[in-house]
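Given the structure of chain P, go ahead and fit chain A with the ligand onto it with the hints provided.
Here the protein sequences come in this chain order: P and A.
The opening position of the first sequence corresponds to residue 1 in our numbering, with each subsequent residue numbered one higher.
The opening position of the second sequence corresponds to residue 1 in our numbering, with each subsequent residue numbered one higher.
Incorrect hints may appear among the rest.
Derived DSS-like pairs: lysine-lysine, alpha-carbon spacing no greater than 27 Å straight-line [what the hints assert, rightly or not]:
no. : chain 1 : residue 1 : chain 2 : residue 2
1   : A       : Lys366    : A       : Lys395
2   : A       : Lys141    : A       : Lys163
3   : A       : Lys280    : A       : Lys297
4   : A       : Lys141    : A       : Lys472
5   : A       : Lys534    : A       : Lys447
6   : P       : Lys286    : A       : Lys67
7   : P       : Lys93     : A       : Lys67
8   : A       : Lys147    : A       : Lys21
9   : P       : Lys58     : A       : Lys9
10  : P       : Lys58     : A       : Lys141
11  : A       : Lys9      : A       : Lys21
12  : A       : Lys141    : P       : Lys72
13  : A       : Lys5      : A       : Lys141
14  : P       : Lys316    : P       : Lys286
15  : A       : Lys119    : P       : Lys58
16  : P       : Lys58     : A       : Lys238
Short derived list, chain A residues pointing at chain P, Cβ under 8 Å [to be verified]:
no. : residue
17  : Leu45
18  : Leu452
19  : Met455
20  : Pro456
21  : Lys459
22  : Leu460
23  : Arg462
These are computed hints drawn from the structure, not numbers from a lab.
We put the beta carbon where it would ideally sit given N, CA and C, even for glycine.
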Amino acid sequence: MGDEQLHGYRGKLKEALEAAGVGIGDLLRFESGDGSFEGSLMPRVETADDWHVVLKLKSGYNVGIAFGEGAKVVRLGQAEKPEFRPPPLPEVKAGLPKVSIVSTGGTIASRVDYITGGVHAAMSSRDLLSIVPELSDIAAVDADILYSTFSENIDAEQWTGIARRIAEKVKEGAQGVVITHGTDTLGYSSAALSFVLRNLPIPVIFVGSQRSSDRPSSDAATNLLGVVSTAAHAPFAEVVLGMHETTSDTSIVFHWGTKARKLHTSTRYAFQSVNTEPLARYVDGKVEMIAESYRKRGEGELELMDSFESKVALIKFHPGFQPSTIDWYVDDGYKGVILEGTGLGHVSTGLYEALRGAVKAGVVLGMAPQCVWGRIDMDVYSTGRELQEIGVEPLGDMLAETAFVKLRWALANSDDIEEAMELMRRNIAGEYSDRTLYTGRFG
Amino acid sequence: MDYAKLGLKVGLEVHQELATKHKLFCQCPPMLFRDDPEYTFIRRLRPSQSELGEIDPAALFEFLKGKTIIYEANRETSCLVEMDEEPPGPLNAEALDICLTFTLLTGGTPVDEVHVMRKIVVDGSNTTGFQRTCVTSLGGKLEVGGKTYSLQQVGLEEDAARKIADEGGVSRYRIDRLGIPLIEVTTDPVIYSPEEAEEVALAIGRILRATGQVRRGLGTIRQDVNISIVGGALIEIKGVQELNLVSKVVEYEVQRQVKLLKIVDILKERGIKATDLTDKPLDVSDLFGETKSRIVKNALSKGGRVLAVKLGGFAGCMGIELCPDRRLGTEMADHAKFAGGVRGIFHTDELPAYDITVEEVKALRKKVGASDSDAVVIVADEEESCRRALSAVVKRAREALEGVPSETRAANPDGTTHFTRPRPGAARMYPETDMPPIVVSSERLAKLRANLPEMPEAKLERFTTDYGINEKLARQVINSDYTQLFEEMMGEDLADPVQLAVTLTEDFRGLQRDGVEIDNISDALIRDTFGLLKAGKTAKESLPQIFTWLAENPDGSPADALKALDLGMLSGDDLRSMVEAKVSENREMVERMGDRAIGPLMGMMMGEVRGRAEAKEVQALLREAIGALSRE
Ligand SMILES: [Zn+2]
Chain P
1 MGDEQLHGYR GKLKEALEAA GVGIGDLLRF ESGDGSFEGS LMPRVETADD WHVVLKLKSG
61 YNVGIAFGEG AKVVRLGQAE KPEFRPPPLP EVKAGLPKVS IVSTGGTIAS RVDYITGGVH
121 AAMSSRDLLS IVPELSDIAA VDADILYSTF SENIDAEQWT GIARRIAEKV KEGAQGVVIT
181 HGTDTLGYSS AALSFVLRNL PIPVIFVGSQ RSSDRPSSDA ATNLLGVVST AAHAPFAEVV
241 LGMHETTSDT SIVFHWGTKA RKLHTSTRYA FQSVNTEPLA RYVDGKVEMI AESYRKRGEG
301 ELELMDSFES KVALIKFHPG FQPSTIDWYV DDGYKGVILE GTGLGHVSTG LYEALRGAVK
361 AGVVLGMAPQ CVWGRIDMDV YSTGRELQEI GVEPLGDMLA ETAFVKLRWA LANSDDIEEA
421 MELMRRNIAG EYSDRTLYTG RFG
Chain A
1 MDYAKLGLKV GLEVHQELAT KHKLFCQCPP MLFRDDPEYT FIRRLRPSQS ELGEIDPAAL
61 FEFLKGKTII YEANRETSCL VEMDEEPPGP LNAEALDICL TFTLLTGGTP VDEVHVMRKI
121 VVDGSNTTGF QRTCVTSLGG KLEVGGKTYS LQQVGLEEDA ARKIADEGGV SRYRIDRLGI
181 PLIEVTTDPV IYSPEEAEEV ALAIGRILRA TGQVRRGLGT IRQDVNISIV GGALIEIKGV
241 QELNLVSKVV EYEVQRQVKL LKIVDILKER GIKATDLTDK PLDVSDLFGE TKSRIVKNAL
301 SKGGRVLAVK LGGFAGCMGI ELCPDRRLGT EMADHAKFAG GVRGIFHTDE LPAYDITVEE
361 VKALRKKVGA SDSDAVVIVA DEEESCRRAL SAVVKRAREA LEGVPSETRA ANPDGTTHFT
421 RPRPGAARMY PETDMPPIVV SSERLAKLRA NLPEMPEAKL ERFTTDYGIN EKLARQVINS
481 DYTQLFEEMM GEDLADPVQL AVTLTEDFRG LQRDGVEIDN ISDALIRDTF GLLKAGKTAK
541 ESLPQIFTWL AENPDGSPAD ALKALDLGML SGDDLRSMVE AKVSENREMV ERMGDRAIGP
601 LMGMMMGEVR GRAEAKEVQA LLREAIGALS RE
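Bound conformation, chain P alone (with noise of 0.2 Å):
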């Protein structure tokens, strides 16, 4: 009996039970010191403590009991096993048109098995059909695992990857790319290709969802109901972000893949677009432009400018922080480094000389709000003055993390720092706003 049919089991409670010759969901009896329990043997969380054994009663409820002295374990049977009868296919209806749905992570779609509680994600474009089967009303959907892997893992060779498929989905003629993807992260990821893509002709939407998808009242379906729809439909070819609007389920909001930003750690409508209005909504099946002016669907030839520069570090200004913190990224080799600064743009004086010697050492520093709404503008006290004498990029209205992954690209993508700072400046994907706007809640 392998560690797999024990789950999360260990030392005398595990030998106990491979005593027993009892694997996972098999029925047992346990007899402890409290009296004599029947059920089935569930799994038990790695983090648990090791002398509880879990049982499903007959009655569907899980229990712990104790496992101490003179415990007996006595096998009743074997485990029911839970075989996946998938619902028919819904037919392909002809003349919808391609969207391709690849996913990285992140469970948009699953299925509980409720003999032991283990939750699946989908694997497969049948899979998916087959839990969101309205999908084969919208378009014609086809969808690949890239990545298996929760957000925080994902980095720049996920970003190339991902690119990648894009381009080969490009070439295999879809109308539309989703990308589903945990939310953690899902706002770096959707500034990174942002920045990438180029050149775009077909919408890339990213999508993930707040709640899990094995209770009913995920956002995961809705979500992708409504991206797929627009990925198959909308107007657009930007890279954007799209999740509930608010925290009914009767709008998705599409954000500008460089101005969205997770602003709460668990609602459904976590994400905002910071400093400037979304470039579209998903309401009662139809697509509405919020936005006016935006790339339109079918222009151009897709270029990839897909490589990323990995000796950036995002900084952010506190009370109290340490020069020698810059001396070490210097020190390290460190090609550039994003300041969230205070208010319009600052750090402390104390910071000078090491900001100076960064420089000197060919280090890009720019400078983003850690007020996250709002702009930069080191005109307006001497600080920030002296800042921009010392060399420090004043970055506008860019949020930090989107400044923080287009650094990593500009540096990536040039043969030097003015070119890399020429790339900077230059409003590549939406990520600068002329104007700022009042958006009703800050601003």
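Only chain A with the ligand this time, still in chain P's reference frame:
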């Protein structure tokens, strides 16, 4: 009825809201709000698919119909947890302690580790689409009337959102109630008569109240009753809101099952077979072109149709009464409503009626080829809805040939029940992954064991000796929602024991029967009212009027009630001059009768000042005034 001979078996699940400081998985207070919601939000629930590839057909149908749910909320009573916008916090330890206390009082075995589960519920009553629930102990027993009843388990779960309205494709729920802790006590199916069922339910209620930590008022205690008889089926009846309705529910359900079995015999005798019943409905709209029936006319004018099916050999059976006001036809109507979302059905056992004429019935019978021994069922609605509805009617008719279909029903206020859904298979439950298991330590149990509350029997004895109230009254207090308040007020010497006991039990029940919403009156208001009584600011005769006013004006105070009802006590001088006036008005009688005039004069005076003066004082003043007159 000979319940033993019928093989009646009843099991109870008693759900009681707990009066904890906050809800089960968040810090919101366990309370409801009356005003308009501060905000609403709209959701849809998607039936989740299991590994087995099966989806609950009813849930899927609702979903495909595009059922949307509007949730109403305010900031005082709910937070992001109830909105399913934030993971649940840790399980409320106070609530778990109450469950464990109940278990220790009833000799059950606490589990060593509590695992919170998600039980799938997609009707919208839970924003998540599941109810969080857990088992806290197994086994245990209670003694009632000299008999022992074993318990299956005790559990702890979150209460659901309150349904406010169901408007076609939209359900409206208020999430204030969502997350209030509920203890669930489940007995084994070891109860054998309706009376016993009620006795056991009451006994569970008493022990729950003995913990001193339960909420009161309509809907704060709810029973599910599982009933079966030999040859019948196991029927789960949900949502019995009053403990003293339990025996009625059992009685009616047994009646219903017995009658359904009788119908099987009748149909068998008539030689009806399931294959005789086809669910190919016939469009009979053309027969109702000139109809006076508003329902039919309405449906047709909206582009709907009238569809009919013949139920061969069912004539007379549809109208057989199963329990008061519930017929086989009613059962079929329930199924039709559930399956097709239609408002109802018409069947020939009840026609002509509802403005459907003899001629129309004749034409209908002719068109579907029904003889006098056949029944015909019609539905008027959108065609697809009619089809679904009639298909369900035929299915139910086929089941009538077999016996009692296994199903989940819900209690009506009179104790009868209606179909709500087919009995679900194994509960769709899986672990709540947002919460680690909770170890129930032996230290925790020892602490609870050392502080167990007094059991109802001991309390009964103490009430009679300490407070000098008779056993019947003491029992009423202990069976009421006010046991704890009564004890607290006694401890603070706030009222006369008998007066308080009678008010909280007999008087409140009387007012409730008259439609007064006693549940609106908070403990604080009851205390304040008795405070006024004790201070001599009102008379006990005024209590019913004051409480009636408070039930209608729960934000007001007893003092406001006195003002509004003009029930303030008359000051000594005012009362004296009223008495003197009365005596002089009746001078002749006083002269004729002397002291004996006090009787009739008392009657007249009290008629005018009842509730505003104590009888004793009126009598004394009368005596004085008569004395003064006779001295003249
Ligand atoms: Zn809350």
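Legend entry - Violations among the numbered hints, reported as their numbers in ascending order: 2, 5, 8, 11, 14, 18, 19, 20, 21, 22 and 23
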